[in-house]
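A.B. asks: Letter by letter, the chains look like this.
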Amino acid sequence: MMHCYLYLSIILFCLGIVGVIARRNVFTVFMSVELMLNAANLAFITFSRVHESMDGHVLAMMVMAVAAAEAALALAVVILLHKHKSKLDTNVFSLLKG
Amino acid sequence: MFADGLFIGFAVLAVLGAVGLVLFRHPMNGAMSFVVTLISLAGLYALLSAKLIFALQLIVYAGAIMSLIVFIIMFLNIQPGDLPQEETKLFYVLGGGIVVLPIGLFLAKIVKSLPEHSTEILGNNFGGVKEVGLLLFRDWLIPFEIVSILLLVSLVGAVILAGKRGTTK
Amino acid sequence: MFEHVLSVIIFLPILAGLILLATPASRSVARFTGLAVSLATLVLSLDLYAGFQATGHLEFVENIPWIESLGISYALGVDGISLFILMAGSVLLPLVYFVFGTREKGYYANLLLVQGAMAGAVCAADMILFYIFWEVMLLPVFFMLGLYGGPQRLPATLKITLYTIAGSLLMLAAIVYLGVSYHAQFGEWSFAMDKMAALNLTGRVAAVAFFGFMIAFAIKIPLFPFHTWLPDAYTEAPTATTFVLSAIMAKIGVYGVIRFVVPVFDLEFARFAILLAYAGVIGMMYCGLAAIAQKDFKRMLAFSSASHMGVIALGVFCMNIQALTGSIYQIVAHATSTGVLFLFAGILEERTNTRTIDDLGGIAAKAPVFALYFAIAMLASVGLPGTSGFIGEFMIVLGAIKFNTAVGVLAGTTLIIGVCYMLWMFQRVFFEKTASRSENFKELSLVEGLAFLPVILLIIVMGIYPHPFLSKITPSTALQFAQPASVVAQAPASNAQNLGLTIEQK
Amino acid sequence: MTNDLMLLMPLIIVGAGAILLMIASTYDKFTHELAAYGSAGVFAVAFLVQLSSCIAGNVAPFSEVFNGILVVSNFSKAAGLIILACGCFTALSSQTYFRRNNFCSPEYYSLTAFAAAGMLLLTMAQELISVFIALEIMSLAIYILVGYDRKNVISTEAVLKYLMLGAFAGAFFVMGSALVYGAAGSTKFVKIGQYLAANGMLHSPVMIGGAFFIMVAFLFKAAAFPFHAWVVDVYDGASVPVTGYMATALKTAIFAVFANFLVIDGALQHKWITFLFYISVLTMFVGNLIAIGQQSLKRMLAASGIVHSGYLLIALVAVGTKDFTGSVIAFYLAAYAASTLGIFTALSYLGGTGEARKTFDDFKGLAKARPYSAAAISIFLLSMAGIPPTAGFMGKFYIITSAIDAGQITLAVLGIVSSIISMWYYLRLIIAMYFHEASEQFDEPAPSSLAPVCTFILVLCVFAISLYPIAV
Amino acid sequence: MEQSVNYLGLIPLFPLLGAVLIGLLHVFTCNRTKLPEKVYGILACVGPVLSFVMALKVFVALKGLPPESRFLVHKAFTWFSVGDLHINMGFLADPLSCLMLLFVTFIGSLIHIYSIGYMGGDKNYGKFFAYMNLFLGSMLVLVLGDGPVVMFVGWEGVGLCSYLLISFYSEDRSNVLAGNKAFIVNRVGDLGFVLGMSFLFWAIGAQGFDYLSLKAHVNDPAMTQGVLLTVCLLLFVGATGKSAQIPLYVWLPDAMAGPTPVSALIHAATMVTAGVYMVARFSFLYAEVALAGSIVAWVGILTALLAAIFGMFQEDIKKVLAYSTVSQLGYMFAGVGVAAYSAGIFHVFTHAFFKALLFLGAGSVIYALHHEQNIWKMGGLKNKMPKTYVTMVIGALALAGCPPFSGFFSKDEILYSALATGHFGIWAVGVLVAGMTAYYTFRMIFVVFHGEPRDHHAYEHAQESPAVMTVPLIILAVGALFAGLLNLPAIFGGDQIVSHWLAPSVTEHHPHAGVFIEILAIGASVVAFAIGIKIAYAKFGKGAPEPSFTGFADFAYHKFYVDELYDKVIVQPYKAIGSSIWKVIEPNVTDAPVKGVARLYMVLGTAFKVFQVGYVRVYALYMVLGLSLMSLLLSQSLN
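Residue numbers (our numbering), protein chains in the order written: chain V, 1 to 98; chain A, 1001 to 1169; chain Y, 2001 to 2506; chain W, 3001 to 3472; chain D, 4001 to 4639.
Do not take every clue at face value.
To be verified - Examples of chain D residues lying across from chain A (beta carbon under 7 Å, computed): (1) V4624; (2) L4627; (3) S4628; (4) S4631; (5) L4633; (6) S4635.
The set of hints was computed from the structure by calculation and includes no laboratory data. Where a beta carbon is used, it is the ideal one built from N, C-alpha and C, also for glycine.
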């Protein structure tokens, strides 16, 4: 059964990666990253159950906290982006290149 | 068996939600779809005897973080024109899937190498608030403390980046 | 004679140069400082020379541990080989301050820096220290060339700098390889040059390290076909830089070969010596032939210098004492003759505002002393007996014949090739009818004439009575050929071989 | 416990300083100039405390603090010293920079201190989630600093790129931690080491995968190929002092933790040698190739930062897991930090309003107008290029020595080749400064004397560090 | 065996010091107030005269020794000493060098005195005497050197002086070019000398690299026939350069074209004989390998022939003499080549007198005609310049080999030796050349002095030269008349003083071929002389117009186009190679890799900017691609 949980985690993780590289919408990209973190959390909890140690739970909590902090910052950046260009397209922001 | 059934249900929902997140054009739809995933994950946590995390996932993630995201989406009052024109989205998603495939297979391979282990729900206080709390404040004090700094930083950051204050004094 | 005389010789100019750079000194102050410091260095060097015992080993040794964990130390010393290169620098460099009186502060400061660095490279007895000075001496050249060079200076600057640095970085890898091999074979870290001869190096990596050294030195010398930076750099550089490059810095390349390659890589060296000798000979002929096609006298002298460096390098590759001693003697002879020639070229350029041979003519009639000096330096450069150029060239050809008849015969053609372009140039610049450009050519001033006189005399004295000089060189060169044999006797072959292999397999 | 706290004193000072600054900045009278002095003071005090503990308190090399989550070693102390010095210099040069660029507020300095706290934690952390949190503290603070100029779309773009890719890489880190946790049952380095010693690396694919994903995050932050692409844009978009801070302190922290992670077990390191070999080679060469084509100074320096990461990766490949001292890495980081920070400090007062001087051409003829600044920049560039007698040379020398000593001769030679390639773009600036005629006068005075003084001190550091002997 | 004396070194030192002194005086005064010419003149003559006095002392000292041990040595100092190579700055006086010494210093002194008058009024008066003194000093080093290396010093020294003297009037490009040519061609020979020395050293030089040691070790096993032949031929290459033999003779006629008859004389009478001296010096080597000697002899006699052919068609009076010099040098080599070293040296000796006489006479003529050198512009001068005419006829007779003039004896000795040693071909050619010599010599005499004046304007102004110039002519004429008597062969009742004197120095075996052969040789020479002079008289005796050359004559007039050939085959290709190296090879081959790397570098640098597209998504894609690749590799390694 543990395998199934982990496979699910992997699938979600990979979907998150696909979201990051395939989409241009800033929100979607950030949420995809969150998805990846959640996938990792699922792995944490699964392993925690396997090892029957609650360290994994603590770790997952920490990850959630980091995710929250990151989300807060990410949203601030999104607002900033929107202020500049009123666009949510990552490709619009390509002044720095070459 | 019941647990297996629940697992299948949650798993399917989680994957569908994630697929929705990746595919929906409008972020609001994506966010809603993502909430489904998060809630399903919460269910899975419960199945894995992580009671506290189950609760936190619902409250913090599905509740707080997602409502923040949704709030911002609403706040920005996104018009369809603001969204990127992603006509070739599906192509990119498929391409992305192909690119990611080796990573997924690699992960699957290493997971397969692990011995199978049952995930019966543990009856004792595993994953309960008290047990986790004790662990958190005894063994994991330092990370817990430094997370507070992290949150402080993000607070400051959000204020500075999104705030309306004048640039200098 | 005091204890740290070498350190003083090295750091006095460097400090003076840095102080000049860091302070808003005027030109004349800078010139005076440069002159004073270089004369002081000259006095110290003469003192050093007088006190030199010619034991063949390093003398005036200083050794202060620096990075003890790696056996790196601030170690200095001179033997008969390095002494003469050091002396060449000390004797020749004061001339520049006499000749060029109106340059900018940075010109003199950089000159001082390069003088110190070159002395350091020659005196260093530790490979890392050597490398540091070796690299440092390039920097002033870079700045002088870039700041005060001719109109096409930028490409020339880049070319010489990148080319030389490329070579020296490869050498750094080789140096480190030697140090690590020493650690592997003898269980202790050391980068001391004299200990490296004990190394037993075999295998592919050793060959690569050998070429690491060789390429670095070949670029500096410059040995065919690594000479392509030379014409541009020598031509575009301000005279003092060309002078420094040709008279001393190129010699440090040869010195490096003698110091590192010959004793340490004796096997590899013996294996590739014929190849290198051909490189030297071909370079001599190639550059000598190219010289005849030059319209610019400075570039012609540049090719001439490269041509002679080919012969000097050849002397090192011939692996016998006559050729090696000849090389070292020729190093000094060539330093004096070519150095003076380049300085004269600078004077010509400065006073006629042209570098084109065809624009000039009849200078001998206008400035007989200048012409006389030039002629003496030129004759030394073509190796006329009675001048310093002959002794070294003769011994090199002699040794080359012993080493390989074909190489020797080809090396002998330097007698002809050298004289062709030199006479051709001399004819056009100094003889014939006075050209308009040289109509008002000013004779050397009294101060200049007196400043050059010692060097001109040295050229002749070194040709007529070389014995005192040679007697200081030969013990060291003899030791070069004695060393490999004694090492073979000392190191248990099998043991060393095993250790040598381990480092390769790692 | 007191001993533990003593060892953590610099961290505590910096953290507390950051919070105090943050609070103080709510007062209107607390100008950002004051904040600059304050934060510089905080860094200086922390630096001195760290220095005194380095000199005096030669504690056992692996003295554990807080349940094995934090460990103070000589290596972490050295890295901490570098970070604190970088922080101090950044604060001082920022003061000068913001005299001319008008978008500062006191929180800026608070955030540099927060970032430094995160970095210090990173050097000491010996537990994966703590590493992650420290990483995020550092990163979040830096994200904010990068995007500090909110009015500037470039700056916002930089923060978008950095944040997005940083979070992406962070996700990999978390996944990797989860896998390691799954294999070893713990995220503490000690436990992981014990697990590896007992089971061996090869028998635990999960461990391999976990370590792999963790390293991805490190390589990302260190800007190694193929995770390097962000670095040029982000450095370009950030303001000069922030770029300097990122290029030095952040890199120091990352390599400290990277080294700490790699030396958990010999087998762990050994497993990755081949990978790191190729990554470091590609990093060096790709970095060089990017740097060659750049016209903008900051972008060139960013690309050269990639190259230097490559050199540091060589050191990681060559590092010995037994009796790990990290001296080579620390030395190289110090040398690199001194020279890079030096350039950015100089740029902070030479760049002009709104960083008007960006490209190589903008600095033409600087040597005539500002001889000392030009000389300082040249020295820094030569140090970065690895020309003796600068610290950069000694750093490179130690790295090559350790690589050859470890039998990585090919890697050493490739490193050398790379530094040959890199010579051109360093010399290019020197050539522009010295050998070209000035197109402008550079006559505006330095806004304050702090940055010039820092530059001067850093020049001294460049030479002083080179003389400091270490053991390979 | 040998006796050490400490004054040998002084002999070359006097003129050398004189050269330095005069040179410095000249250099420091030439552009300011000039010193009076007398100062230079006196200073210049002191050195040669002192040397001559010392030479006499040497001669006396040698004379006082028993013939087998007539060696005086003087080791001044260790010159250089590395490994086995020990070279002393040492001097050796033996009968051979003593003979050379005497005539070099004697003629040298005479020339110096003559020059005081001849060079009067020249603005570079001091410079000239500095060169002359330097030349004499170098020549003396060459003669006195105790080993090949010291000889080489003088060898190159005279080469340098010849360069300086030829290009003395350096404002005229052709003079400088002639100087360059002389130096460079000599250098080609010197290469042979150096290589020869090197081979010699590695064979037997380790025990001492001076003549006496070398002679003692000439039979060492290391000295195989091959080495001997190599060494001899290489040294002979050196000799061909210095002594203007085929193929390196081309410089000498050009050198004569130079402006100073005095310097021309130096070349003709003294310097060019150095090659002969050198071969004689190394007679102990040539004696060991017959083939080398034959080659030397053949090269010599062919040169004699070639030069004689050229000489028959020249119109420049000095060129005629120049080719006659080359031709006579050919005789000398033929002599030393057939191992008749004393005969060769004796010819050197006599040749010095009559050639000096002819040159000075020609100089006198040229001087009188205001630097007209073309014989077809002269004519009928015998009435105007009787002293010059008489002395020149004496010289011409000596040159042509008319008995009993000096040239007859020495030349006959050579031809006789050739015949006696069985070199019939050489003898035959030699006789032919003797006839040709008579022809061209008297062609010159007749055209210049007989017949009607061709250029009346010049003729009107011509007058006999002053006494400072005619007196040396007379002295030399006496020498040309009687010098031959010094080595009068037995058949004429003499006892070959010179040959006996030289015997200890040279390794030769006197052939005794019998009286018949001797008479045959003498007879043939005389007949050849008679025929030659007869034809000359027939053609030019009563005046003749300037001929126009056709066919072979034209070919010979243009010296077989050898100069042009050399120019096409050697000089132009050399320059072409030089400029193609500089213009083609250097940029496109040698420097191409460097440029290529630089270009590749810049191209790559620009190309890599493309990857920095600026889209954050693409950067993420790079990461994922890298990760995928690594994942694939890791998956592989897991199995």
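A.B. asks: Against this structure, judge whether each hint is valid.
C.D. replies: Verification of the hints:
| no. | hint | verdict |
| --- | --- | --- |
| 1 | V4624 | holds, 5 Å |
| 2 | L4627 | holds, 6 Å |
| 3 | S4628 | holds, 4 Å |
| 4 | S4631 | holds, 4 Å |
| 5 | L4633 | violated, 9 Å |
| 6 | S4635 | holds, 5 Å |
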